[in-house]
Amino acid sequence: MYRSAGQSIWNTVARRLAAVVAGFAVVSMAATAAQAQASADATAGASVTIANPIAVTKTADLSFGTVVPSATAGTVVVSTGGARSVSGGVSELGGTVTAAAYSVTGYANNAYTITLPASATLAGPGTTSMTADTFAHSAGTSPALDGTGAGSFSVGATLNVGANQTPGAYTGTFNVTVAYN
Amino acid sequence: MLAGWAGNAARACDGPNFSGTFQAELDIAFGVVASSLSSAGTVTLDAATGGVTTTGGITFFGGDVHPARFSGRGGPGTNNCVVTLTLPASATLRRGGRMATLTNFTVWPASITLRGRHPFSFQVGATLTVPAGLPAGTYSGSFTATAVFTNC
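These protein sequences, in sequence, are chains S and X.
Heads up: the first sequence begins at -14 in this note's numbering, then just goes up one per residue.
Heads up: the second sequence begins at 130 in this note's numbering, then just goes up one per residue.
Since the hints were derived computationally from the structure, they do not count as laboratory data.
Careful: at least some of the hints might be erroneous.
Rough simulated footprint, nothing fancy, chain X against chain S, three-plus residues with beta-carbon under 8 Å [claimed, not checked]:
1. 24 to 32
2. 35 to 43
3. 81 to 95
Have a look at the derived ranges for each label pair, beta carbon to beta carbon [said to hold, decoys possible]:
4. S/A129 to X/A177: 32 to 38 Å
5. X/T230 to S/T44: 36 to 42 Å
6. X/A239 to S/D131: 45 to 51 Å
7. X/G191 to S/G30: 15 to 21 Å
8. X/T221 to S/T113: 57 to 63 Å
9. S/A96 to X/A239: 36 to 42 Å
10. S/A121 to X/T230: 41 to 47 Å
11. X/S250 to S/T119: 57 to 63 Å
12. S/G30 to X/R244: 27 to 33 Å
13. S/A129 to X/G262: 22 to 28 Å
From the structure, some residues in chain S lie toward chain X, with a derived Cβ separation under 10 Å [stated by the list, open to error]:
14. A164
15. Y165
16. N166
Remember, predicted model here, so these are calculated numbers, not experimental data.
Note that the Cβ used here is the ideal one computed from N, Cα and C, for glycine as well.
Given only the sequences and the hints, what does the whole structure look like? Please build it.
Rendered as structure tokens:
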């Protein structure tokens, strides 16, 4: 009540009373101080800024196009730039050739890692299959998101074509994983 | 009237009203962390060191990170008073309808013995639990610490 508008009046009254009863007050306080406990409250704020989880989205599939096998095994390489080259007994025959492409979203300017599979299987007619390996990405040794939290990279691989590989369409899937450093 | 007089005398431990000072000086801040789409995680802020440890699907990026700080000053008659902090079991940080939870509050130091009217200060840490897929943004809340004065 001493913080009210009437504070000055009350203080005056209080002081006068204090002069009168001081002797009693000292006695009573001495008696109660030994076991007294006091407390006071204070409230602090708390905060955290949540950043988006890192996420990766495929924007293009990896496609080796059309190739022709022979009695000799060979390989088809699609670079991260989407360029195809062949070796061994494999020859090129057009078709759609693309590197896989990915977009990444997350916390701005933060570094991240890309994990590629060691190999993937492409299933063809019947029980036939081919294996792709030597996956590579275009993001260099230290991938990082830009100032808007965006990133992108492409992925190439090597397809191993067997001798007299059965003609047909071969398809498969592989997983690419990104994570914050 | 008599009670008012006693207040003016500023005997901190003579009654239910602490006559010294006690206030929150600094908020607790956990900086910037990324949630995970698939798993919850925790961020623990050490009361003494301000260091951060994480568990689960959490990535800690740094930023504005510090324990809360509560401070005060003894009044007349508080010499040798022992001050401890009492903290809530939990508190909530909210943004819109989503929230993260603070639990396991810790205090450093555990207690302080007052010397006359000298100032005192506590730091408070806690563990923040971040649910999986918590949307980006700044989450905020508050918690109340109670300073308990004993042994005056």
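- If any of the earlier hints don't hold here, list their numbers in rising order. Violated hints: none at all, because every hint is consistent with the structure.
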